[in-house]
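A.B. asks: Residue-level listing of the chains:
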Amino acid sequence: MDRTELLKRLRERLVARAERLGLRADELDGSLDLVRTGLLDSLGFVDLITEMEQEMGCEVDLAAAFDKPGATTLDGVIGLFVKR
Amino acid sequence: MQDHDPILRFERAADRWPDRPALRVEGRIFTYRELDAWSNAIAERLIARCPDAQRIAFVAEKRASSYAAVLGILKSGMAYVPLPPDGPQARWQSMVDLAEVKFTVGDVDLPGLQAIASDEGVATRSTRSAMGREAYVLFTSGSTGGPKGVSVSRSNVAAYLADQLNAHAFTEHDRFSQFFALTFDLSVHDLFVCWSVGGCLCVPSANDLMRAATFAREEGITVWFSVPSLIMLLQRMRALPANALPAVRMAFFCGEPLTWPVVRAYAAAAPAAELSNLYGPTEATIAITAFPISRDALQHDGIVPIGTPFKSARVRLVEEELQLSGPQLAAGYVGDTAATDRAFLTDPATGERWYRTGDQVRQDADGNLHFVSRIDDQVKIMGHRVEPSEVDAALSKLRPGCHALTLAKRAGDTVRLFTFIDTVVDHSALMHELRRTLPAYMLPERIIHVDLMPMTAHGKLDRKALLALIDHG
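Sequence order for the protein chains is A and B.
Per my numbering: the first sequence = residues 1 to 84.
Per my numbering: the second sequence = residues 85 to 557.
It is worth saying that the hints were derived from the structure and are not from the lab.
Be aware that a few hints might be false.
[To be verified] Covered by chain B, per the in silico footprint, the following chain A stretches (three or more residues, Cβ under 8 Å):
id : segment
1  : 4-11
2  : 32-43
3  : 66-77
Because the structure is a prediction, the values reported are computed rather than measured.
A virtual CB, placed ideally from N, CA and C, is assigned to each residue, including glycine.
Please model the complete structure; the sequences and the hints are all you need to start from.
C.D. replies: This is the structure we're talking about:
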């Protein structure tokens, strides 16, 4: 799955909650920090990754993901699943 | 008790170990000499610019300047008022108004405040005697509207430190975790237990919190202190395998109920750690009871006892509600004598002050206290105290005339808030506005419209019927 497709899927998953939080769909860009904006709490963030792992049939190294800045942004999540 | 004044302890450590590391933050190391000199410079500026100020605010980011600010403000004889870095601004405003703050260390983006520079500097110590004065004002969720500011004195902190330093053998070789936000009073333990013994305070970045076990290994943390939620987070991330934390020799948990499965996972990850469950509200300064967890008896279910009171503290159960007394009892809430009078009682016979915790507690045959539940609606969300009615108060300010009721619902190990409202509103727009007045952890998961609030046969709001709507709506 490529970046664009993954971003689309993530947006679909998050858009309802984002709207409930008063965020517009176009604010859901790659740099949006899911935890700092309150879109997800940290446990919710980990749950999102776990659900995506199941969907994609792979496991990511979650602890190592946070070695890089911006781990909790949409781009950060995509980076876990899409190799550059 | 004066012997345990937090600044006195810091300065003694700085005299004894000037070249030892006091602070690791933002990739830098500050020695005791450096941190002492920098905080003296801040104190000097404060005394020069606002000698009569009582309370000084700063944005409590996890940056070196915040730690120098805490020390500098206390050295000047003033009290610190940390503002949550994520805002929102409206909440900062109510905090600053309640605490009557006029001056800040570093810039704070609010009108009418004067900023004193937080820049690094060097100065000698002030001779101001400030023992016994107010140390800080920290805010918790208030049921009647905005946040409530708890005023805690340096004597309160000294009483806490006296107990902790007598109960545990910390040394200057210890490296202390600093996971707690500076707006949370458990951070006071991190800073001042560490600086009382000449240890090094290791401050994680925002990302480090999500990789706390790796951070602790890299930094060589020997004294761990966190909310149980952090352990659960690490477990879910598969980041807490056996022996992941070999250097930790003491681990404290506080802020929310600790469960036995969490303790077992942590005990396996940190095989050398002495484990302790602490309990206490901000109003009784950091923590006031402790339960030392024996490694020989980890096979229990449910939640870990909160143990027995510290030596200087007194506890009593009044109709199952835990009440606290002793030298750690705070003065009350700033600018809110009504709330202070409701929560702090004076015993007419003895003149002793008692704090009503609102926690229902039972005592077992061994004398250990066990948390049972809240007697009101307060919940803990990732260690934060939340009064659901504070959401309702915020909503009624935004939409006068609306009737809103926020309820907490537990799902597995998380608690989420749901707001029921009897008026047709644009939920998205309303949430957008709520985000400007409430912190993220206090935002409801959903706003649910009901035509009429359901009532029980006794004419009370039917909470069960409302909670049932969550799964159907």
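A.B. asks: Each of the hints needs a verdict: does it hold here or not?
C.D. replies: Cross-check of the supplied hints:
1. With a cut-off of 8 Å between beta carbons, the segment 4-11 of chain A has 0 residues touching chain B; three or more are needed, and the interface restraint is violated.
2. Here the segment 32-43 of chain A counts 6 residues with a CB under 8 Å from a CB of chain B, which clears the bar of 3, and the coverage holds.
3. By the rule of at least three residues with a Cβ nearer than 8 Å to a Cβ of chain B, the coverage given for the segment 66-77 of chain A holds, with 6 such residues.
Of the numbered hints given earlier, the model fails hint 1 alone.
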